[in-house]
Structure formats: structure tokens, C-alpha cells
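Numbering-wise (numbering that gives the first Met the number 0), the sequence shown opens with residue 0 and increments by one.
Source of the hints: derived by calculation from the structure; they are not laboratory data.
Note that the Cβ used here is the ideal one computed from N, Cα and C, for glycine as well.
Please note that the accuracy of each hint is not assured.
For each label pair, taking beta carbons as the anchor points, the in silico distance ranges come out as [what the hints assert, rightly or not]:
#, residue 1, residue 2, range
1, SER566, LEU497, 38 to 48 Å
2, ASN351, ASP625, 20 to 30 Å
3, SER373, ASN573, 46 to 56 Å
4, TYR97, MET459, 52 to 62 Å
5, ASP625, GLY163, 51 to 61 Å
6, THR312, LYS63, 53 to 63 Å
7, ARG255, SER373, 21 to 31 Å
8, ASP576, SER210, 22 to 32 Å
9, ASP461, THR287, 34 to 44 Å
10, ARG426, ASP455, 14 to 24 Å
11, ARG213, ALA278, 15 to 25 Å
12, GLY256, ARG617, 43 to 53 Å
Simulated pairs of lysine-lysine, PhoX-like, Cα-Cα distance not exceeding 20 Å [said to hold, decoys possible]:
#, residue 1, residue 2
13, LYS279, LYS295
14, LYS201, LYS352
15, LYS547, LYS532
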Amino acid sequence: MGSLILDATSGISTVAVIDGQQRLTTISLFLIAVRDFLGKDDPNYERINEEFLINKYDYDSVAKNRLHPVPGDEEQYIDVLQNGMNAADTIFKTTYAYFWNVLQQANLSAHEWLDLLERRLQVMDIVVDQDDDAQLIFESLNSTGMNLTESDKIRNFLLMGLKGDQQAAAFQIWQQNEHLVGSDGLSKFYRHYLTSLARSSKPVKEDEIYSDYRRYVGLTQGFDRIAQLKQEHAAARLFAEITTPETAEIADARVRGLLIRLGYLNNDILAPYLLQVFAKARDGELSTDDLVAVLKVLLAYLARRLFIGIPTTGLNQLFAALNRQVEHMMAKSQIGYVDALKVMLTQGVKDNKRFPTDQALKEALAEKDYYHMSSASLWFILDELNNAEGEKQHLFEAAADGQYSIEHIMPQVLNTSWHNALGSDWRLTHNIWLNRLANLTLTGFNGQMSNRTFIDKRDMADGYRKSGIKLNQWIAQFDHWDEATLEKRQSDLLARALKVWPRPEVDVEVTSDDPSTWDSLDSIFAANPTGTKPVAFSFGDYQVVAVKSWTDLYNQLIDLLWDADPSNFFVLANSDDSLVKHMNEVEADQKYRQLGDADVAVYAGGDSAWSRVQHIKRILGGNHYDLSDVNVKIRTVNHD
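Please model the complete structure; the sequences and the hints are all you need to start from.
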């Protein structure tokens, strides 16, 4: 049976099972099945009860069960213990029924099975006392291959450090969180929650959730397990709203509707950023109207990228750092959160991550094969365009349920009637337009339509004219379907796309000079920066940042690096580097400035251009970059 880790520090008669709960529960259910199979007239019936299942001296438990599963499961276990096959349908009942069938079909009798259990089943028990670290023991054994999820490890880490009532209180909060996000969704929740804490610019990896939890949360000074679980409960409530808006309690119908539409995109990459934004709304930093505006911007941004076929590669890193970058833009430009978000996505990131333009949508409609994109993506696009003119018809859900499928208006296989309708260039028209969006729609009668003529498709009993779908009603206005009508529909679809996914208009401008024509900072350093003055620089996802001096560049670059990954500055502060210190080391030194509200300060005193670039080199190195990663536009001056 392997090893069990037992915590006997809770009391004389109570032993907490740190590891092995599932195995003990399974064996107990098998013993219940053997007991019931033998029947009450068999002397082993009472012996199994008294030796393995029941503690008749337990006056605190009505059922007197020896094994106490976690709260919520115990009632189901007791139901099987007392009622056997008459118990309610639960996982415990299913397991019990499985063992009952084994006893019925096996060559061994129930007595022989009981004898085997008593003589052959062995277990190694490891009992933890007050001087032992149960979590470390557990982790060392778990490294040999026991299959625990990342959230299982976090749960054990949180609960093993508590005793008695505190452990019970912590477990109750844990169960509430589990109920909010689902037991299967806990690891995903912790991944996005940790990313949202903004300790790093990179998303937490799936196999590093627990290790990052200990690093960023569990090992911090003053860590309080109960307080931390309460914080996680607040985040879990937000996560439930974000990921399951259909069933979550969301007061504003606009927010719910936008979250549902974003959910159709299946963009898990948004979750950390949305946790940050929804926390701002909860705490009163953003109004409901602001939250709606943010969601509209995100929906239009992601929908446009999908529409023109840009892959989501790299967006997880963008959204992991986006909130910090937006806040930086707010402070720099003295604008509100929504406007700062618009500036970032339209001007403040690299070209491959910028908000797609109207022209890009027009070109996609004229060139892209939409038929061979994923079904869910095409359902989403058609649903959005169908709803552009008003009432929502929920085509996505209907298509997902099998009520609708994708229909080629001009069919994939042309007959003579279609040749005549398309004219002498029918082959060229068919080749160009077949899989463009203008020739596609949704219908529940794809099989019946087949390659019928356009008039037949329009006027048949379930045709376009009588369709409840607004896109099809628009198609039904025509008497023929050829290149001219395809052009008209393409224009209509573009107008719908621009309306339903508007590109933000912002008045704040970011310098648009091409950084590729500038000098890299390492070449400037090699040539000696004395006598030069920077005008702007480019680094990371920021396209261009305007600056006034080397000191300004130094400070703005530090802010970007801090936004990208604060953890590197803590490492520098713990080293002997004089540029980054803990606040208690430099409280009275005006040459240092605090980074955010953290216990970290960076040297900000005035120096020569040469010294300042040397400082930049050290800061970049501590953040795993070098001078070649920064491009700078400079001009020559007499002095810095």
C-alpha cells in the first residue's frame, strides 16, 4: 500500500493523514463492500466494523466512523457506510458498487478476500511529531513520482503549517475557493493568480506553479496562511466571474455580455490581466463604465487579430505585464486608465502586437481563406458580424450545439446553372471567392441547400429569405450571386467589422521614429557618450519612449524593467550592488528613489553621461539584458 504520512500532533486519539487519504478511503470502501457481502449473520460482519470501520467509543460522531474524509466528502462516505447499495449516487457509491461486482465475479470468496487483506496488505507509516517539517517530508517522498497536481501541493503547504481549529478554518476557505473555480480548475487559477501578482513579467509555467507560489508568496516575510487564503478567496471570486460569466453573479449586464463574448475566443492569456482589472473595479479604482470600456477594447483587439489571422504567440507575456505598462503610461502622460490602455495597444507596443488597423481588416477580407480556420473562430466572427446591427441572436451557442453549420453560398462544386450565373469567368470567380468570408454564412440546412441555384437557396422553405439569421436576410435581397454581389457583401461585412470592433482613437501621441535607424547603446558606449544627448529610446515591447537626458533615459528604463520583472531588483538589492538598495538602507539618502511601494530603492543621483551609461549597463545586466538591447536616438551637444 506504500507509505502514509501521519500527523499525530493534533491529539492522543486523532491522527491527521497528510498523504495517503485516497488509498485509505479506497481500502475502507472495499472493507465495507466485503462486510456487506458477507451479511450481518456472518461473525466477520461485526469484526470488520469494530476493528476497521467503527469506533464505538467515539461519542463525538453520530456515525462513529473511524475514517473521516474531508468536510463535504464525509457525509457521502457515511451514507455508503450505513446504506451500502441504497446510498445516493456519489463517487463513493460508485467505488463501493465496483467492489461489490468484483466480489460477485471473482474466483475468491469474500472470506478469502478478507484474509488476503489482513495477511498480505502492508503499509509503511511515517508519523510526524512537533519537531518535524511535515511539508518537507511530504515533498521529498512526492518527488519519487506520486501524481499530485500543483494545487494539491499548495493546499498541503498551506494546511500542514497549521493545527487544530486554524487548520479547519483554513480548509474551509480552501473548499470555498475550490467550489468557486472547480477542483479541476484550481491549478489554472493559481497559475493566473500568481501571474497577476506581477512578481515577474513572464507568465507562470504550468509545472512551476507550486515552486513560484512558495517563492513569491509562501516565503515572504510575515506570511500568514489564513490571511493569504482570504486574499485568494477574493481573487477566486473574480476568477469565477471572468471564466464562468454565464453562471457567476455579475451585477452589470454589459460586463457579463462582454465576458461571454471574450470567452468564445478561448483566450486564457487574458486571465491574469483581467484579474488585475477586475480587482481595480472591485476596489473602486475603476468605475463600471471604465471596466466596460476596457473589456470592449480587449474584445476588439483580440477579435481583429483573429479576423486577419495573427497568431496569439507572445500575447501571454504582453498581458502578463500590460497592467504595469498601462499604469506607467498613466503616470507619464497624466491620462486615465482606459486611455492609457488604448495608447499602449495602438502605439506603445511592437508592430506585431499593435491593434490591427482598418486597412488590415479590409485586406484580410479580400485575401484570407476563412473557411479553413477553426470552426469556433468562424462561428465567433459570423456571430459578431450578425449582431453588429442590434439584437443579439447567439449564433455561436447555436452552432456549438450543432444547430448551424458553415454554408458556401456559391457552392464548392458548381453545376451548369452556376456556370451560367457566374458568367464566362466562372472558374476565376469560383477560385478567388469560394472561401472568402463574403461567400460564407451559417445555416441549419446545409445538406438541403447543397449546390442548388442561388434563387433556390433563397426561396426554399428554409432558405435565406425565411431565415431568422440577419446575415442571411441581408443576402436574400439579391436576385443573383456573382462577383458584383460578392463585392457588395464584402463591403457590408467590412462595415460591420469596423462597427462591432472599433479601433480606439486617442489624442496622446508616442514618438514614431523608426528605432532600427538609431544607434544601439553598446555602440554609443564604445564611442563614448560624453557630449551627446538622447532624444528617445526603444526597448522591449515599448516602441519608442521620448526622453530629455541620459538621467531621464536611465530612470525611464528602470521603470520599464521594474514593470517587466520586479524580482530582479530584489535580487540586486540583496547583492552588494550599490545602485539598488533596500529602503531601510537609504531612507535618509535623497539620491535614491523608491520603486513603486516596494522595499526597494534605486540610485537616481546626477552623474556624467559616461557614468550614467555605466549604471544603465549594470542595471540591464541585473535584469538579464545588455546595452545592445536598447536603441537610442541621440544628438550632439556641448554638455549633458
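Hint numbers contradicted by this structure:
none
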